[in-house]
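Asker: Residue numbers (this note's numbering), protein chains in the order written: chain A, 1 to 402; chain W, 1001 to 1176; chain C, 2001 to 2466.
I should point out that these hints are in silico values taken from the structure, not numbers from a laboratory.
For every residue, glycine included, the Cβ atom is placed at its ideal position computed from N, Cα and C.
Be aware that a few hints might be false.
Quick list of in silico lysine-lysine cross-link-like pairs, DSBU-like style, CA-CA up to 35 angstroms [unchecked claim]:
no., chain 1, residue 1, chain 2, residue 2
1, W, Lys1012, A, Lys79
2, A, Lys244, C, Lys2199
3, C, Lys2199, W, Lys1131
Stretches of chain C that chain A covers, calculated by requiring three or more beta carbons in the stretch to come under 8 angstroms of a beta carbon on chain A [said to hold, decoys possible]:
no., region
4, 2234-2246
5, 2251-2259
As a plain string of letters, each chain reads:
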Amino acid sequence: MSAPRTIPADVLTSISANSRWQRFPLIFGVVGVVCLAAAFGLSASTVERFHFSYLVAYMYGLSLALGALFFVIVQFLTKAGWSVVVRRVAENMMGTLPLFAILFVPVAIGLHHTHHHWWHLVPGKDPILDAKAPYLNPTFFFARAILYLVIWTLLSQAFLRRSVAQDQSGNPEETRRQQWMAPPALGLYALTVTFAAVDWMKSLDPHWFSTIWGVYYFAGSVVALFAMLSLLVLWLQRDGFIRKIVNQEHYHDLGKLLFGFVIFWSYIAFSQYFLIWYANLPEETIWYAHRSHGGWESMGLMLVIGHFAIPFFFLLPRAMKRNPVTLAAGAGWLLWVHYLDLYYLIMPVHSTGGPQPSIVDLLTLFGVVACFLAAFAFLAKRSALVPVKDPRLAESLAFENL
Amino acid sequence: MNRPYGALAEFKSAAEIFHACEKVRDAQYRRWDAHTPFPVHGLDRAMGLPRSKLPIFVCIAGLTGVAAGMTMQWWMSAVDYRVIIAAKPFFSWQAFIPVTFEVMILFSAACAVFGMLFINRLPQWHHSLLKSERFRRASDDRFFICIEAQDAKFDPEQTVQFLKGLGAASVELVEE
Amino acid sequence: MVAQAHPEPLDRRVPLVDPPATIQQITESVAAPMEWKAPLGWWLFLAGSLSCLGIWLGSVGYLFWTGTGVWGVNNPVGWGFDIVNFVWWVGIGHAGTLISAVLFLFRQKWRTSINRFSEAMTLFAVVCALSFPTIHIGRAWLLYWVMPIPNQMAVWPNFRSPLLWDVFAVSVYGSVSALFWFVGLIPDLATMRDRATKKWQQLFYGVLALGWRSSHRHWQHYEVAYLLLAGLATPLVLSVHSVVSFDFAVSQIPGWHTTIFPPYFVAGAIFSGFGMVMTLMIIARSIFKLEHLVTRHHIENMAKVTLLTGSLVGYAYAMEFFVAWYSGNPYERFTFINRMFGPYWWAYWSMIFCNVVVPQALWFQSVRRNLGVLFVISILVNVGMWFERYVIVLTLARDTLPSSWGSYSPTIFDFSTYLGTFGIFFTFFTLFVRFLPMVAIAEVKAVLPEANPHHDDGHHAAHGGH
């Protein structure tokens, strides 16, 4: 019953020279750019359509990176031991945040399409928009966007650099430093993610408002994080890396957290819907009214069943979380419905008559995700896949669930 | 003395009882138990116990709770005595969710607790082991193994010798 | 932020029992307050609590005799101290469930020294909370109308009302918490039974221990039940205070109807609950000589949770304020300006001071390890949370139609009823610390290093505290 307290010599902890992962940055990078270019090309006559589709894909990819940033901060905040063996994969996920600053450019170019309700505001025509104009104006909007992207880049790099540096130095001060940074980092994270969600998604419908909006986007991104983290870990293991040291106990924990945050997302989604349904105020219900005809209501129902009910019962049994195949299936499914969730949030502003899925949506999604994977693979090659000299590594290796 | 209830061996640490249990399990005894002041991690496997079935019953109880809560509200609000409240539909399933959820939790928790007591056949205020003076330390700081006389392989002398061989601090025969 | 003066080692966990104790010493430490002769202080405290309880009985008796007009509620402020105190007490109760259930799911072993104590606090707080809906309805003898049983009016309860959801939520919460608490107690009651020398003790502990004989076959199912209860209690505690928040949030009143209320109320509840646990624990650990079980590390962790949940509350305040402005809705905007500068500005700023300013001190480790300062902070946290609910309720004084504006003044009976609930709480508490083990003996033993059967295999790094 004694588990290893150090990494066995036969475990591959870095991407080897002959692994296909060496070529992933290039392959995924090219695929990503080609998909995005194709999406843009195919929607030449409906540029607005492209920009909405791209916005959904962008918020999707961003949620993966932001979810990872949250995970890493919290592991240091709580001085967690179980997660050390999977933390580097999450660190590489959050390390892609500078890429999302670059990927923001098409969003920025398309803002006058997506946020057309207020982008070219004519004062005096709409008193509600006039009241918000000090906040919803292009200049301040861009300034805030730059601020969020800069903060996310600084935070993610601050944690990633220290963690990677510890691989060489083994210096415990790196861990202490990250523990020290974690609380204020969490505060900055909460505020920037909230206001980014408000700016980039809620203001699509500028008459509407909801105080829980930031929490909603956050909840979805943590679900996406645990899903993607599970898949990436299992993928790396399938290609021969970090086997044995990441075992059923860790899958179980990832599965439990995925399950828990599915419930949390459902709770937040229900809170928002329920309070607006109950009070029945037209200025609030309009947002759901837009999503209750033409086919959007079917998508809403799909979310209830697919984002809550199915994952709930699927991930409930202990065995499902401990088995890599079923965990991967559940994670993959959730990554898909997370996209549908963001689609449901953003697209009805454009496709008011009902969902009109098109190849452009798939191309933008694949494009952004491919770019994300390219950046992830690039970072994964550059350092070990596991924080080899983390002071709590032994605890993580030996950890056992109930 | 009359027929004993079983042989009771006392151990001083969690590590000792863990290894002792493995040996008792490997010696193919069936009617025996370990007694520890707190649950010792991994002792399930050391004793060769199958996993508990309690979670399945609790899940069924929970689903029953959901059905019961929703059905009750539906019948009371949309069938038996319909009252118009704030122009909400008679079957306001959204508004019925909080109570349904609470009823689900109540049924599940009750099943977990009373199911656990039932499986463990508690309360059982009278038991042979509770008459032993040494056994009082089972709830304090000592660890015990008791092999019941009803076990097919039980023999008053051999079983006591076997238990002594496991490193027990003391072994006694407990009266019925 | 000040650097840590007491850096923790990173590759092993801080010991949970400090100075270290044997398994037997743990039993002795926790059993001692139940076995020594009750000190005079205990009797005095019991007398004081019973006096407060008497005040409660008197206030409630007068209330039933005369009617709810003895309170300050009026039109438009139809809810006053009754609902503020209800929410306040329920909120305090939530910390106990968090410590028992949520920290268990997150494998935070430090919870074992404080969970019994805080779960007891939960139960007593829930009793105090439930007293308010019971007594405020005017004709308390008709309380059974809230239950879905046939009655002489031939009407069923209104399931579309949040006040009815409260009835279910808080009742289920009380029941499940009681079950969870009792299940945890069973092994410790067996310990007390096996030590009991007097006949009444043997009977009392013997009956309640249900004949528990520490069998591992029983422990196996017991642990599964415990895990299931923890898994059920976690969404339960989230749902209860969310349902309480629905009392306000499903309305159309500006300042009440806002989507963030459910998680914000839950965070606030945990915040106030941890404040109360700290207030009580800081005193109790000293009086009952349990400092080696409830160490500075435990207290510091509680302080950190207080800081975290206080920050969540601060986030919610910021979001409410921002979105009130962002909405452009003049009534929403007015509500917040009115809270800050209207007739009850002093309540608002007390809330901000206690809930936002004061907890900032907890960023500093020197504060988190200073019991005197923590004691004061923990009380101010609860004062602040009381004012938070008061500010919310006072929104009724200034809602959308100026011709309906009014004011609220609590009467002496509002105060005496509230004071009386402390009598309920502390009477139960005083009896609890004398007759039941206030630390979960078996659970603390289970997290000692020697509880691990592979302890001697050299697994120091993999187990232990935290």
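Asker: Hint by hint, note whether the structure agrees.
Answerer: Evaluation of the provided hints:
1. The straight-line distance between the Cα atoms of Lys1012/W and Lys79/A is roughly 33 angstroms, inside the 35 angstroms bound, and the hint therefore holds.
2. Among the hinted pairs, Lys244/A with Lys2199/C is inconsistent with the structure: their alpha-carbon atoms are about 57 angstroms apart, more than 35 angstroms.
3. Of the pairs offered as hints, the one joining Lys2199/C and Lys1131/W holds, with about 16 angstroms between alpha carbons and a cut-off of 35 angstroms not exceeded.
4. For the region 2234-2246 of chain C, the assignment as covered by chain A holds, since 4 residues bring a beta-carbon within under 8 angstroms of that chain's beta-carbons and 3 suffice.
5. With 5 residues having a Cβ less than 8 angstroms from any Cβ of chain A, the region 2251-2259 of chain C passes the three-residue criterion, so the hint holds.
In summary, the structure is inconsistent with hint 2 from the numbered list given earlier, while agreeing with all the others.
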